[in-house]
Structure formats: C-alpha cells, structure tokens
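Student: We have chain A; now place chain B onto it with these hints.
If you read the sequences in order, they're chains A and B. Take the first sequence: its letter number 280 is residue 279 in numbering that gives the first Met the number 0, and every next letter is one higher. Take the second sequence: its letter number 225 is residue 224 in numbering that gives the first Met the number 0, and every next letter is one higher.
FYI, nobody ran anything at the bench for these hints, they're computed from the structure. Remember, predicted model here, so these are calculated numbers, not experimental data. Take these hints with a grain of salt, some might be off.
[Said to hold, decoys possible] Negatives, chain B to chain A, calculated, CB over 12 Å:
1. Pro-197
2. Gln-199
3. Leu-223
[To be verified] No more than 20 Å apart at the CA atoms, straight line, and that leaves these computed lysine to any residue pairs for SDA-like:
4. Lys-413/A / Ile-149/A
5. Lys-212/A / Lys-71/A
6. Lys-70/B / Ala-67/A
7. Lys-71/A / Tyr-337/A
8. Lys-256/A / Ser-234/A
9. Lys-167/A / Lys-71/A
10. Lys-425/A / Ile-233/B
11. Lys-272/A / Leu-149/B
12. Lys-71/A / Asp-341/A
13. Lys-425/A / Pro-148/B
14. Lys-256/A / Ile-238/B
15. Lys-99/A / Asn-52/A
16. Lys-262/A / Leu-149/B
17. Lys-272/A / Ile-233/B
18. Lys-366/A / Ala-383/A
19. Lys-256/A / Ser-61/B
20. Lys-425/A / Leu-149/B
Every residue, glycine too, gets a C-beta built ideally from N, C-alpha and C.
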Amino acid sequence: MNEKDSNPKTSTETKTGVTRRDLIKGVAGASAVALGSGAITGFPMVWAQNIKNITLRQFGTGVSNLNAIAEKCKEDLGFNLQLTSLDSDSVTQRAVTQPKSYDIADIEYWICKKVFPSGVMQPLDVSRLKNYDKISPLFINGKLTPDSTIAQGTAPHTVGFVEEKGSKNFAKSPTNWMTLIPTIYNADTLGVRPDLVGRPITQWSDIMDPAFKGKTSILNIPAIGIMDAAMICESMGVIKYGDKGNMTRQEIDTTMKVLMDAKRAGQFRAFWKSFDESVNLMASGEVVIQSMWSPAVAAVRSRGIPCVYQPLKEGYRAWGGGLGLASHLSGLELDAAYEYIDWYLSGWVGAYLNRQGYYSAAPETSKAFMSDDEWGFWIEGKEAKGDILSPSGDVMEKAGATRDGGSYWDRMGKVACWNSVMDENKYMVRKWNEFIVS
Amino acid sequence: MTTLINKKNVASYWQSFPLTLVLCLFLVFPIIVIGIVSFWDYNEYSIIPAFILDNYEFLLTSSVTWQAYLKTFEYAFLTLLLTLGIGFTVAYFLAFHIRSSAMQTILFLLCTVPFLTSNIIRMISWIPLLGRNGLVNSGLQSVGLIDQPLEFLLYSDFAIILAYVHLYTLFMVTPIFNSMMRIDHSLVEAAIDAGASPFQILKDVIIPLSKSGIIIGSIFVFTLVMGDFVTVKIMGGGIRANVAILIYNEISLLQYPAAAAGAMILLITVIMMLVILFRLVDIRKEL
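Extracted from the complex, chain A is given alone in its bound form:
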C-alpha cells in the first residue's frame, strides 16, 4: 500500500521491470505500484491483483476465529481476513447493532434465528458454491443418515434457508438461498474431573448429586444454559418436555425451579460465561463436574490435568455454526467472500477444525487433508496408532487413546437437542435472570 504512494517516477520505472512471471509469483510490492499508477490496466491478472487489496472483516466466537485460518486464507486466496473473536452474547449484539462493522458473520444457528430476521444479512446463492453438495445432509434436511430422527431445538436446517433473495423468512425445505453456510458443529456434554469425582458419571442428573455439593457449575448463557438444564431435569425425572427447544411457560417455570432450588441448596460453585472461565474453574479444582465445551476440556488436559468429556446416557446437546454475509457486501468484496466460503468448505479448514475436536460441515473434503490415523481417531473413533497432535503441533493424545464418545456417527447420532431460541424467549430470559439473582 505504501509503495502506491511513492513518487510516480519510480512506478514508471517499475513498469518496464514488471514481467508476467513477477505477477504470477505474486510479488505484491512491485505489481501494486504498477497497478496503482494505472500502467497496466487491462492486464489479465488485474482481478487477481486487485483482490490482494481486499480485506474481509469476520467476527464470531473464539471456537473458529483462529489466526491460522486467516494466514492460510492469505496464502491460498491472496486476500486478507481480519478476525475478531467475542463471546456468544456479544456476537449476537454486534451482529444486530453494528452490521457495518463486519463483512462476514461467523455465528451459530441459534444466533442466526435471532439475527437474520433483523435484515442485517443477505442470503447466499448456493449455486455459486462449488462445494455446496459436499455439505453434510445434517444441515440440509436435518438427518445425519437417511433414517435418523431430527433432534429437538433449533436444528440448523430449520433456519438454514430462506424462500428467495432478500427474504427474511426461513424456508421449510431447502432452496437456492442459504442463511449461513455451515462450517463447524459439535455435540456437547458434561466435563468431569475423573480424579476428583470418585465415581462413574453416566447421566446428566449426576451434576445434581449432593455428593458434589458446591463443586458444580453450569454456563450462564441463557439460550444454551436452559438446554443443559432441560437435559438435567429430564434425566432427574422431574419433567418430560414436549419439545426441549421450545418450552411452554409452565415447562420453563418447572425447569427454573429445579435450578433455583439447587442454587439455594449450594449445589453450584460458580456460573461461567466464557471459555477461559470454564477452563480455570476446572483446572483449579473449584468444580469437578460442569457443563463444558470440547476444546475447553482439551485445554484443561493440555495442562496435564485429567479431564473427561463424558458421554451420557440421554445423549448430547448440539450446536452448529456457519458463515453469513453482511447485507452491505457487494461487488468485488462479495465475490471474494463467496470464494472464501467455498475455500472454507474445500477441506483445509475442515481438517483443522476436526483436529480441534469439532466437526467439519463438509466431512469428505476434510478427509483429504488428514492422515488415516487422524481420521481414524477423530472421526471413526478408532484407537490412535501414533501420537495425536493438535493443529499447533503439541501432543494432545498418546498413541492408543480413543476419543471420548466414540465415532462421529456415535456422537452426532445421539444428539438429543440443539441450542435454540424459543417462542417464549423473553419470558425465559426473565426467569433466568431471576435464577441468577436468587
């Protein structure tokens, strides 16, 4: 950029010096000068060179806004990706209140349900994506395999499509216009310190065992916390929900009463809101069983502290995220964004996310970027033949380890509900506040 401002005499000199090979090699400095002076307008590489000046601003939660992705994007596609990572509530807030501050929103589907109708995003034309047909059917029709049942809550496919360009209403079946292109998802369960609980943990209600009084925690993000609470209450046998992801006022009352009674009895040590908080609670031994996210468990384990992402009898609470386009995006930036999203699905990022313990939305493309052993460990639930490394190269699991919860199909096939936004959301949030204050 700076060189563009340098005096015009230099650029005329550079003009003669620019060869086709320089441009193809992507020597940005020299060619940018030439381009800036308008000296080689009409050259076939103009588009590819212009794109170097593009910066796409993306924001989302910490799980997928990783610098490694931005670096690889620059390397493969040539343009800049500027990432901002926030907690889930701040993501929702920013998406709605500052739509001009981002180009690409990396948000979760339950957030999409709140955000998309406000008109800050534009649907994506899936016919422009080469990798669209590689996306797991889970995001298209809600079924992992043709005969699986659709879990409760805001399943991604229910807010995945709109009727037409410019529409804000979610479509009932797949169309050409997608709200978010799915990228990442996982099945969540309770995290446990096996060295401190002293007994096997098998079901969600174990978190309410008086033996763990003052040593448990749940997360304080209402839309997710209420789903964990629902799993707990159903497991305790207190209530059977019509739909956990869309409770009636009465069901919300019952659920919150269970939580409030437990809080008064001193069952909880703390509530957490961000990734780091959950890691610290667990690593310091303040809590021994809590709702947790998979990479947080990995973070505790990487400090040499035993921590298990415990599969439970009632199944998992799942979430999914994807990339959406801000409505102001157009022209070259929009083209770049489409190219970026297609690249996201093309395998490298998928493999990166798989190695962190999440799942890629386009499983088959990511397979090509993983070794057989990695694929066997992370996806097929097989015993690791060699050490399993994290994306940054640290040893995450020793040879012989198997993944908590088994294979992809075992885990995603046992999803009981998705994080969701209910019709009675406003009421639920009020009750949640009451619970925090009580």
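Tutor: Quick look at chain B alone, frame taken from chain A:
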C-alpha cells in the same frame, strides 16, 4: 442598572457555555435517550418505538428487582462502612502522626501505587489466593487450623466485599486526608489544654472538621459500588448479582429497553441517596 447586570450575566453565560455544551452533549442528551428508549418495546433482535409501561411495570413489580436492590445496598453499605473505617484511620495516621510533610507525601504516594495497574488485574489476583486450593486455604490447612477448605473465601459475598474494599479505600483516604490537612493543629492543642481526652478530641474536633472529606469519600464509594458489575461478576463467580448485573445481562441479551428502564431506576436511586448525603454537609461552603 438592569443593563449592567445583564451585560455581566451575558458574559458569564458565555464563559459557562462550553462546559454546558459538553455536559448537554455527553451527559444530558444520552440520559434523555436512555429515558425514551426505556419506554420502547422489543423482541429478540430489534427495539420497537412504541410507548409502553411494561418495562417499568415488570421491573418494579418483580421480586427479582427488589432482591437485587437489597443485595446492592448491602454491598454498598458494608463497603462504605469498611472503607470509611480503614480510610479514616489511614488518613488520620498520615495527617497527625507523620510529622514531616515530605514523609506525608511519600507515604500518600505509596498508597496510590496499586492504582498503577488496572482494577481488573488487582481483582483477579485475589482468585488464586482465595480459591479452594488457593494460598490461604492450603496455608491454613498445612498449619492444621482447618481440615476442610473454607468455601466462603471465593465466589461469595465475602470475596465481593473484600475486592470492593481493596479497590475503593483510596477514594476514601484522599478526600479525608485532604480535609484533615487543613485542620489547624492549634485547635487540637487547645482541646488538650482544656482537658479533653483523646476520644473527645476525635469526636468533637477532628471528625466534625473532616466531615466534608468523609462525605465526598462516601459519595465516591457509594456511586462506584452501586454501578459496578465487573467485581460482582468476577469475585462472585457469576453466582451473585446486584442491580448492575441485571442491567448487564439485559444488554448482553439485546433487551435494551428493559436495560434502559433498569438504568433509569438505578440513576434515580443513586441521585436520591446523593441528595441525602449532600444534606449532611454544605459542600460549597466546605470547599
């Protein structure tokens, strides 16, 4: 005669104009906006300009609000009491027991050293100390004073008050020290000559003469504690809540009108308390 006064007035109005403008722009205008929004309606993702009383109705009739206010006042008064006790003692020591003014300045500056770091850092540094396996618990356990870790040390009201006292005592020390420095020492000598006991000197001479400092310090501490949510969030482990936490939760869940209503009520409460405090002392006269 009247023209003369007017001319004088106009000049002083012009002088105060820049400050008035700044205050209107950055204080009055935002408060008016918050006031207006507090009557609006909202759904999951947008705020709807409509005049409704529902936000206030829910706020004022909900037991949650009352509980939160009770808790907030509890925090505020306990903190006030403790910071006043410590702050007064420190200021008294600095003003009356340290003889050289150079030493006074050095010791006072020493009090401000912790404030060179952010208050969140100072707060977080308590956590490894107070935790279940923290320094305090392991220390007490190793000398055999307790055999179970003390749970109330962290993520409790105790931890919150402790952090408040740690963070805000200096706001008490400074104004009290300042007003004590202006007490004429011959008054104390006169009291001694007249046969007053040390307690009587404290009660009848020093406390009345430091009243303005005490009130100013109390105003600082009170308003800071009433509006604080970070301390409650971090030291309370998310399990305790005051009014500011309620507002913070509503903002993070995009319920701006409800948060605005909460903020208006909090503002009114704090102003009421300040009016009471200002009744106790004529600040303008004292300064």
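Student: So which hints don't hold here, by number, going up?
Tutor: Hint check: 5, 6, 9, 10, 11, 13 and 20 fail, others pass.
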